[in-house]
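What the sequence shown shows, in my numbering, is residues 7 to 387, in sequence order.
Take the hints with a grain of salt, since some may be wrong.
Stated by the list, open to error - Simulated DEER-style distance windows between Cβ atoms:
| # | residue 1 | residue 2 | range |
| --- | --- | --- | --- |
| 1 | L118 | R87 | 50 to 60 angstroms |
| 2 | A208 | L154 | 46 to 56 angstroms |
| 3 | V63 | K257 | 15 to 25 angstroms |
| 4 | W259 | D346 | 20 to 30 angstroms |
Quick caveat, the hints were computed from the structure, so don't treat them as lab data.
Here the structure is a predicted model, which is why all the values come from computation and not from measurement.
Backbone N, C-alpha and C define an ideal beta-carbon position, used for all residues, glycine too.
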Amino acid sequence: MKKTLFAIAIAVAALAGLHWATTRSRAESAQNATAAVGTTPIVAVTKVTREDLDKTVMIPAEFRPYAEVVLHSKVSGFVDRMNVDFGDKVKEGELLATLEVPELRDELTNALAAEEKANVDYTNAHLIYTRLLAVNQTHPNLVAEQDLDTAGASDGSAAAAIAAAKADVQKFETLAAYTKIFAPFDGVITHRYADPGALIQAGTASDTQSLPLVRISNNYLLRLDFPVDVNYVRDITAGEPVNVSIESLDKTWDGTISRFTRDVNDDTRTMTAEIEVPNPNLEIVPGMYASVKLNVEKRPKALTIPVQAVVAGSTPMVYVVDNENQIKEEPVQLGIETPDNYEVLSGLKEGEMVVVGDRSELQNGEKVQAKLTELSMLAAH
């Protein structure tokens with residue numbers, strides 16, 4: 007009986023030892039497999055893709071009135087009334103100032119009197135001529151031919167005198183109309199140069215020799231001018247979208263290029279472009295500065311990689327994960343740079359995988375596990 011129990015004990019011990027050995031072997035195998043996996047780095051990668059790229063530049067700009075003119079008088083005289091002052095809003099056709107020209111008023115009165123006399127003279131001369139004609143028709147040879155010719159000449163001279171008198175009246179009426187200064191367009195009076203009683207010289211000979219009355223600016227529609235570098239002139243077209251911001255007003259909006267000079271300034275090597283900006287509430291004042299965001303160097307369907315994929319240096323490099331999951335250092339030629347991407351001119355093909363994560367421990371030819379990663383997720387980490 008004792009021998010039997012001893013044999014059973016030996017058998018149980020043997021089975022326990024076998025189970026322990028098997029379990030340990032499996033654990034060691036799992037540990038070895040885990041260790042093998044652990045030696046293969048996991049790297050974040052993204053695909054080389056094609057995208058529409060462009061470069062954004064910020065250009066300082068300045069507002070100016072859409073139209074601005076300094077108003078002079080076309081006749082000499084004294085300022086009788088000034089109806090506006092600087093800062094006043096005016097409408098097209100509104101009376102701004104009136105001049106007093108006494109001698110012009112007298113000349114107009116004389117011209118009107120001369121016109122009236124010419125009308126009377128013509129009436130008398132024409133009456134005599136028509137009567138002589140009537141007598142000559144009913145009683146031929148009763149009126150001398152010379153008398154008819156003289157009466158006809160007088161009639162014609164009287165008619166010409168009327169025309170001359172009318173012309174003089176129109177001239178002086180026109181000059182009299184110049185004593186009233188009207189607004190040529192809707193706008194704002196931005197400067198007042200003269201006060202009532204001031205002598206104003208006619209501004210027909212030279213503006214520098216005559217005192218102007220007011221300056222009026224159309225501030226309801228503004229011009230926003232900005233200089234475009236000569237390198238970007240080829241990218242400028244009418245209707246091109248832009249973004250405008252005014253820091254002092256905390257105001258931003260989208261607009262379009264209205265026109266450009268098509269001429270590069272030799273001194274600054276820039277071309278002026280312009281945006282029309284409606285300003286119905288006069289919130290923007292000419293002379294204010296703005297910033298224009300312009301997209302240039304457009305590259306449609308360009309081969310692109312994220313900026314995180316590039317290793318900076320004299321020759322830009324990227325780490326490519328090939329079909330056998332090995333790291334390959336590849337030199338690349340880059341084009342334009344945007345905040346997020348580079349344009350690739352050579353060195354890569356569409357669809358290739360490039361490393362965008364940490365590259366400090368990677369070696370050329372090293373085996374890795376590629377993990378396709380969203381760049382937004384990478385930035386979050």
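Verification of the supplied hints:
{"no.": "1", "hint": "L118 - R87: 50 to 60 angstroms", "result": "violated (25 angstroms)"}
{"no.": "2", "hint": "A208 - L154: 46 to 56 angstroms", "result": "holds (49 angstroms)"}
{"no.": "3", "hint": "V63 - K257: 15 to 25 angstroms", "result": "holds (20 angstroms)"}
{"no.": "4", "hint": "W259 - D346: 20 to 30 angstroms", "result": "holds (24 angstroms)"}
Hint compliance for this structure: hint 1 alone is broken.
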